[in-house]
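Trainee: Sequences and hints are given; from them, build the entire structure.
Going down the list, the protein sequences come from chains V and Z.
Per my numbering, numbering through the first sequence is continuous, rising by one, with the last residue being 121.
Per my numbering, numbering through the second sequence is continuous, rising by one, with the last residue being 121.
Mixed in with the good hints, there may be bad ones.
Treat identical chains as interchangeable: a pair holds within one or across any two.
[To be verified] Below, in silico cross-link-like pairs of lysine-lysine (BS3-like), each with a Cα-Cα straight-line distance of 25 Å or less: (1) K106 with K91; (2) K91 with K3; (3) K94 with K106; (4) K90 with K106; (5) K20 with K94.
Calculated from the structure, these hints are not laboratory results.
Keep in mind that this is a model prediction, so the values were computed, not measured.
There are 2 protein chains.
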Amino acid sequence: MSKTFSNNMPIYAQIIDMVKLSIALGTYTPGQKIPSVRDLAIEYGVNPNTMQKALTKLEELHLLRAERTSGRFVTLDTDVIEGLKKEIPKKIIKSFLQDMENCGIKTDQIIEHVQQYIAEN
Amino acid sequence: MSKTFSNNMPIYAQIIDMVKLSIALGTYTPGQKIPSVRDLAIEYGVNPNTMQKALTKLEELHLLRAERTSGRFVTLDTDVIEGLKKEIPKKIIKSFLQDMENCGIKTDQIIEHVQQYIAEN
DNA sequence: ATAATTGTATTAAGTAAATAATGCTATAGA
DNA sequence: TCTATAGCATTATTTACTTAATACAATTAT
Numbered sequence: 001m002s003k004t005f006s007n008n009m010p011i012y013a014q015i016i017d018m019v020k021l022s023i024a025l026g027t028y029t030p031g032q033k034i035p036s037v038r039d040l041a042i043e044y045g046v047n048p049n050t051m052q053k054a055l056t057k058l059e060e061l062h063l064l065r066a067e068r069t070s071g072r073f074v075t076l077d078t079d080v081i082e083g084l085k086k087e088i089p090k091k092i093i094k095s096f097l098q099d100m101e102n103c104g105i106k107t108d109q110i111i112e113h114v115q116q117y118i119a120e121n
Numbered sequence: 001m002s003k004t005f006s007n008n009m010p011i012y013a014q015i016i017d018m019v020k021l022s023i024a025l026g027t028y029t030p031g032q033k034i035p036s037v038r039d040l041a042i043e044y045g046v047n048p049n050t051m052q053k054a055l056t057k058l059e060e061l062h063l064l065r066a067e068r069t070s071g072r073f074v075t076l077d078t079d080v081i082e083g084l085k086k087e088i089p090k091k092i093i094k095s096f097l098q099d100m101e102n103c104g105i106k107t108d109q110i111i112e113h114v115q116q117y118i119a120e121n
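Mentor: This is the structure we're talking about:
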């Protein structure tokens, strides 16, 4: 069950993105209790401290809420979750367009490049 | 003249990509002598050691060639350079499509999302 | 009541990346 | 010839990330 991580980004940061995705995709539902720090650490194949760091940051983003001794829960704030759903692909597209323009491809040619790539693969 | 770097990737790795881009875009022409390690370090606003590391890796990729005491030069191999020009946008598109599918957007909807984003911005 | 589990905190150690400071060898150019 | 400059090497320090090993307080479950 241990996840795979890229080496170009801190593991805790990658975990943050993964949990964000779980919430956005509904794998974690609003109000749902998520596994304990220790269990998540095992599930992701990382040290509990690394997992703790990721979860703490997710709390600062109001995506999770820690109940001192009963566990950690996904936010009930559906606005926040709806925001996530839109924010994630938006960020991906934004950085994609920047990267493409950065390598000399003009905006109106980007679509063609994508279509051609899809056709070829 | 000091460049800006993201914090989620080693600086030397980001420099590699930047120099690759310079070669692909023709800012650095085939056979051209590029600035010394020390000068490039100043230009990029990093430590000479960091620049050295990036340049050494670029040599392993056969994009640069070090002439022991006269300087460092861009490869004359136009095939390698042509390869770069195609490889860079290809990699960008590939990881973009992966990211989009990863967040639940199907291939045939990706183009629409991009078009909508462009229209909105 | 008591044991197990929760989040949280602390201290230590190892690693990689970046910076700093310095020195070497070889050669191009004055 | 001699100086400046080239790439390259070495050693040390700092910081961030990760892992490791515990420990504690509070609450849930038995």
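Trainee: Evaluate each hint against the coordinates.
Mentor: Taking the hints in turn, this is what the structure says about them:
no., hint, verdict
1, K106 with K91, "both (19 Å within a copy, 17 Å between copies)"
2, K91 with K3, "both (23 Å within a copy, 22 Å between copies)"
3, K94 with K106, "both (14 Å within a copy, 18 Å between copies)"
4, K90 with K106, "both (19 Å within a copy, 15 Å between copies)"
5, K20 with K94, "both (18 Å within a copy, 22 Å between copies)"
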